[in-house]
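Visitor: Residues per chain are reported as follows:
Number of protein chains: 2
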Amino acid sequence: MAEEILLELPLPSLDDQRADEARIRQKLEEILEKEPKVPISTLRKAPRLLRDTNFKIKARVLFDGKDWILADILSPDDEKPFLGLGIDLGSTGVVIYLLDFHSGEVVKEHHFKNPQIPFGEDILNRLHFADKPEKRQKLHEVTISAFQQEIKKLLAGLPEDSIYYVALCGNTTMVHFLLNLETRYLYREPYIPAVNWIDTLHLKDLGLPGHSEGLLFVFPNRGAYFGGDLLAGILASGLHRQEEISILIDVGTNAEVVLGNQEFLLATAGAAGPALEGGILSCGMQAAPGAIERVRIDPQSLTIELKTIGGEKPKGICGSGVIDFLAQMFLAGLIDPRGKFVPEKLPERFQTIDGELAFILVPAEKSATGSPIYVTQGEVKSIVRSKGAMYTILTVLCQSVGLSFDDIAHFFIAGSFGNYIDPEMAITIGMLPDGPLERFVPLGNAAGKGTIVFLKNKNSFSELKNILESLTYLEMNVRPEFMQLLTGALFLPHTNLSLFPNVAQKLTAS
Amino acid sequence: MAEEILLELPLPSLDDQRADEARIRQKLEEILEKEPKVPISTLRKAPRLLRDTNFKIKARVLFDGKDWILADILSPDDEKPFLGLGIDLGSTGVVIYLLDFHSGEVVKEHHFKNPQIPFGEDILNRLHFADKPEKRQKLHEVTISAFQQEIKKLLAGLPEDSIYYVALCGNTTMVHFLLNLETRYLYREPYIPAVNWIDTLHLKDLGLPGHSEGLLFVFPNRGAYFGGDLLAGILASGLHRQEEISILIDVGTNAEVVLGNQEFLLATAGAAGPALEGGILSCGMQAAPGAIERVRIDPQSLTIELKTIGGEKPKGICGSGVIDFLAQMFLAGLIDPRGKFVPEKLPERFQTIDGELAFILVPAEKSATGSPIYVTQGEVKSIVRSKGAMYTILTVLCQSVGLSFDDIAHFFIAGSFGNYIDPEMAITIGMLPDGPLERFVPLGNAAGKGTIVFLKNKNSFSELKNILESLTYLEMNVRPEFMQLLTGALFLPHTNLSLFPNVAQKLTAS
Chain A
1 MAEEILLELP LPSLDDQRAD EARIRQKLEE ILEKEPKVPI STLRKAPRLL
51 RDTNFKIKAR VLFDGKDWIL ADILSPDDEK PFLGLGIDLG STGVVIYLLD
101 FHSGEVVKEH HFKNPQIPFG EDILNRLHFA DKPEKRQKLH EVTISAFQQE
151 IKKLLAGLPE DSIYYVALCG NTTMVHFLLN LETRYLYREP YIPAVNWIDT
201 LHLKDLGLPG HSEGLLFVFP NRGAYFGGDL LAGILASGLH RQEEISILID
251 VGTNAEVVLG NQEFLLATAG AAGPALEGGI LSCGMQAAPG AIERVRIDPQ
301 SLTIELKTIG GEKPKGICGS GVIDFLAQMF LAGLIDPRGK FVPEKLPERF
351 QTIDGELAFI LVPAEKSATG SPIYVTQGEV KSIVRSKGAM YTILTVLCQS
401 VGLSFDDIAH FFIAGSFGNY IDPEMAITIG MLPDGPLERF VPLGNAAGKG
451 TIVFLKNKNS FSELKNILES LTYLEMNVRP EFMQLLTGAL FLPHTNLSLF
501 PNVAQKLTAS
Chain B
1 MAEEILLELP LPSLDDQRAD EARIRQKLEE ILEKEPKVPI STLRKAPRLL
51 RDTNFKIKAR VLFDGKDWIL ADILSPDDEK PFLGLGIDLG STGVVIYLLD
101 FHSGEVVKEH HFKNPQIPFG EDILNRLHFA DKPEKRQKLH EVTISAFQQE
151 IKKLLAGLPE DSIYYVALCG NTTMVHFLLN LETRYLYREP YIPAVNWIDT
201 LHLKDLGLPG HSEGLLFVFP NRGAYFGGDL LAGILASGLH RQEEISILID
251 VGTNAEVVLG NQEFLLATAG AAGPALEGGI LSCGMQAAPG AIERVRIDPQ
301 SLTIELKTIG GEKPKGICGS GVIDFLAQMF LAGLIDPRGK FVPEKLPERF
351 QTIDGELAFI LVPAEKSATG SPIYVTQGEV KSIVRSKGAM YTILTVLCQS
401 VGLSFDDIAH FFIAGSFGNY IDPEMAITIG MLPDGPLERF VPLGNAAGKG
451 TIVFLKNKNS FSELKNILES LTYLEMNVRP EFMQLLTGAL FLPHTNLSLF
501 PNVAQKLTAS
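Chains as they are written, first to last, in my numbering: chain A, 1 to 510; chain B, 1 to 510.
These are calculated hints, taken from the structure and not from any lab test.
Take the hints with a grain of salt, since some may be wrong.
[Claimed, not checked] Okay, derived cross-link-like pairs now, PhoX-like style, lysine-lysine, Cα gap no bigger than 25 Å in a straight line:
| hint | chain 1 | residue 1 | chain 2 | residue 2 |
| --- | --- | --- | --- | --- |
| 1 | A | Lys-465 | B | Lys-66 |
| 2 | A | Lys-204 | B | Lys-45 |
| 3 | A | Lys-45 | B | Lys-135 |
| 4 | A | Lys-27 | B | Lys-465 |
| 5 | B | Lys-27 | A | Lys-465 |
| 6 | A | Lys-204 | B | Lys-204 |
| 7 | A | Lys-135 | B | Lys-45 |
| 8 | B | Lys-465 | A | Lys-34 |
| 9 | A | Lys-465 | B | Lys-34 |
| 10 | B | Lys-45 | A | Lys-138 |
| 11 | A | Lys-34 | B | Lys-34 |
Bound-form chain A, shown alone:
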């Protein structure tokens, strides 16, 4: 989306009286194979710069989806940085990646909390709040002002006008808040966003820091419940470029799943998320230092080994830890196939907390908080429901196009969840289908990565339009087979053990 081009221009003479603008534009047209747009700020800079540099300059051009824009011209020895920002505007946390267009590398990243949280913990609260225009305006303003501050921090002294391009993704609501668009009709039937495709903006249109001609691309959405974050994830996964069929899984508040290849894309979403991410557990936490991310239980001795992020004293349990916990408890016989605790096998670890049976993973004296870290029977049930929903979503999705899991080349797993999850354990509990472990590819912050993929590739506009065109949305709620299939998936790993041959083998061995 952004290129730096060295231009050596013919010198003006009585035989070549073209304006500075024409001289630059025509040379760039030869190189770009399209006539670029030349903004007035560049025209103002050109005459002196050209004569100071003897008509040898560096041109910085940006592609807005239709045209190249000559955003800046510089002396060839000017070392001013040439930067872009990829932003993942999550409803909880925001991540900004700093891209160096010269090297093509992300040189820094910066995380901060979504500044809208004080106005509503979850999205629905914020949507209610935003029903009044002046309150929606408020959400817009705190978001922009947080960006102004946080981008300054991220730059740490680098000049703001060295940011030439920002690509931002978020779910549909986040994007509406960012742009200060009406959200009343977004969450009321028939769920109509103000915008699907957002034409490239200027940074200054929103008051974002950056070059005066800097551009802002906000990822489009496919509807109220299919946001630009997932489109960015698809872009990052490359699903839409491959011949073989793969699946992209993004576990957040919802589980969002896309199946497809270069010819078709089939997407769906379902409530399979929160428990798996650890978010709603009493001792759940985000993947941060002190979070239990690995659990191993020796099936013989029942000794428990834990690993925390950063090796710190345990504070809580995060998504990958939750899946490990369930799998290891199951393999050790401490949880039965129906998801019920088997307290008699290790009574000293079980305790009744608030009237409910709980397994103590870390006793109070060994935890960083001074309280025990535990998982209750009810929580195990909801983890099992979530994993069952996830497996069923994957099953319905594949069946709807007549595929079996064996036809799937890769499972791309997005989110911090995807980074740390142990696929073997996810298979053990029957959340992901059995099969070779190499099929499971963690993507990290796929949405964030998608923004960087966007910035690095000028074909991204047409790729995104192709993705939107080839995308079909499957309404999971209305599929009758979903509830049917779910029943079998509420067991560990499944009522039909033949679907999980590797797990069956492991169970026989233990």
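Given the structure of chain A, go ahead and fit chain B onto it with the hints provided.
Guide: Just chain B now, kept in the frame of chain A:
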């Protein structure tokens, strides 16, 4: 360039969950046969407006040369005016035309003095002044601020945001001052402008009054000495659209002449202006009330009849009066073919003023100023030089493409000069070629008219690009035949009387 389109959009439902933006954009695309751009201000307005109007709206779209922009959406019964401005930014005077896009009519015009005059009476003074960036900035600022005030006056209470499109032309220097572009290299060899083609701007980019998405088109130039005002004149004349070959003449500080048709355009300029416009004569003035615009001298009685603009007491003499004066004096034998006064024929009208022989057109007691209105012998000489130069420019231009004057279908004469000039008198003095008087078509303010033609026709962008492409510039100074031919044209009407058969006949008659 601006259209209003009534849209009846399909209502959203669970089966049609397209965003408001997509609904509007797709409908407009069907009508415009090109996908329009949708700015954020329109996105912000859309959701409530669509639901208030039951999805029936008026869309106001603007063409920026590449794309249609959905600048505004309105309720179908909203009577908000839909206006454009055509501006002729002259170095002396500025004219603004108010165009109603609904009727396609110019509903008002407004004249004011160029606010740069206090910083330099003529262009060269202003160019010197503008050598320092902060002084150039000053010229830019006074110009913009004058526009802000004068447009307000012109609107006389109409809402500013009902201006959606402004088309402005001026000579190359005027446009550079307006846009605050470097002018140092414009008037120093090899005379290089900062810009030839100016991409369409937003009104807000320059701080001009109007709609927040309103556009500003500034006419391009073909070089330091071939400005957008002349291009606008060509557009207004239609020269470039006709099969027959015509000539456009614009007499200002320079005489600018364009010859051509739909296949080619040949332009030139030469010093033939000031004396003809009356500007440099001791008693010369602009065409304004009190200016002598008609002179008739009875060849027998030598009685002099004068007509002033507005019938007021005479104050001075304007361009058309000057030409009449010379023709009538010549026909009456008061000036000989070499341009010399013949004082003995009417001694009471001749007087020596500042040591030079002068003809008293209006004695002191009959003039509005209390001083006599006269023309000196030296002034007659320079009028003759100017008319000779004009005729020679026309001759060289035609000869250079192997044409004779008989091949010219029309002579379009631009400027207030063209409006009032009596072609018969101009032929009599040998300024314009002899032939049928119907060939001479006054265009009025061709530059200003060109801005209105631009606004009313979305093909203007391609027309202008075609004009620029088919335009060849003929450097008159370097043509050896110019000086040769000029000699013959310094007589009244010409040394070769056979070129002026109608004049010859008249001379025989008198």
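Visitor: Against this structure, judge whether each hint is valid.
Guide: Okay, the hints, checked on the actual structure:
1. Only pairs whose Cα atoms come within 25 Å are accepted, and Lys-465 of chain A paired with Lys-66 of chain B is accepted, the gap being roughly 20 Å.
2. Note on Lys-204 of chain A and Lys-45 of chain B: the hinted pairing holds, with a Cα-Cα distance of about 20 Å set against a maximum of 25 Å.
3. Between Lys-45 of chain A and Lys-135 of chain B the CA atoms are separated by roughly 16 Å; this keeps the pair inside 25 Å, and the hint holds.
4. Proposed proximity of Lys-27 of chain A and Lys-465 of chain B is supported: the alpha carbons are some 18 Å apart, at most 25 Å.
5. Restraint check for Lys-27 of chain B and Lys-465 of chain A: the C-alpha separation of about 18 Å stays at or below 25 Å, so the hint holds.
6. A C-alpha spacing of about 13 Å is found between Lys-204 of chain A and Lys-204 of chain B, which places the hinted pair at or below 25 Å, so the restraint holds.
7. A threshold of 25 Å between alpha carbons decides the hint, and for Lys-135 of chain A with Lys-45 of chain B the separation of about 16 Å falls inside it, so the pair holds.
8. Restraint check: the Cα-Cα separation between Lys-465 of chain B and Lys-34 of chain A comes to about 16 Å, which is no more than 25 Å; the hinted pair holds.
9. Of the pairs offered as hints, the one joining Lys-465 of chain A and Lys-34 of chain B holds, with about 16 Å between alpha carbons and a cut-off of 25 Å not exceeded.
10. Between Lys-45 of chain B and Lys-138 of chain A the alpha-carbon distance is near 17 Å, which keeps this suggested pair within the 25 Å criterion.
11. With a C-alpha separation of about 19 Å, the suggested pair Lys-34 of chain A and Lys-34 of chain B falls inside the 25 Å cut-off, and the hint holds.
In this structure, none of the earlier numbered hints is contradicted; all agree with it.
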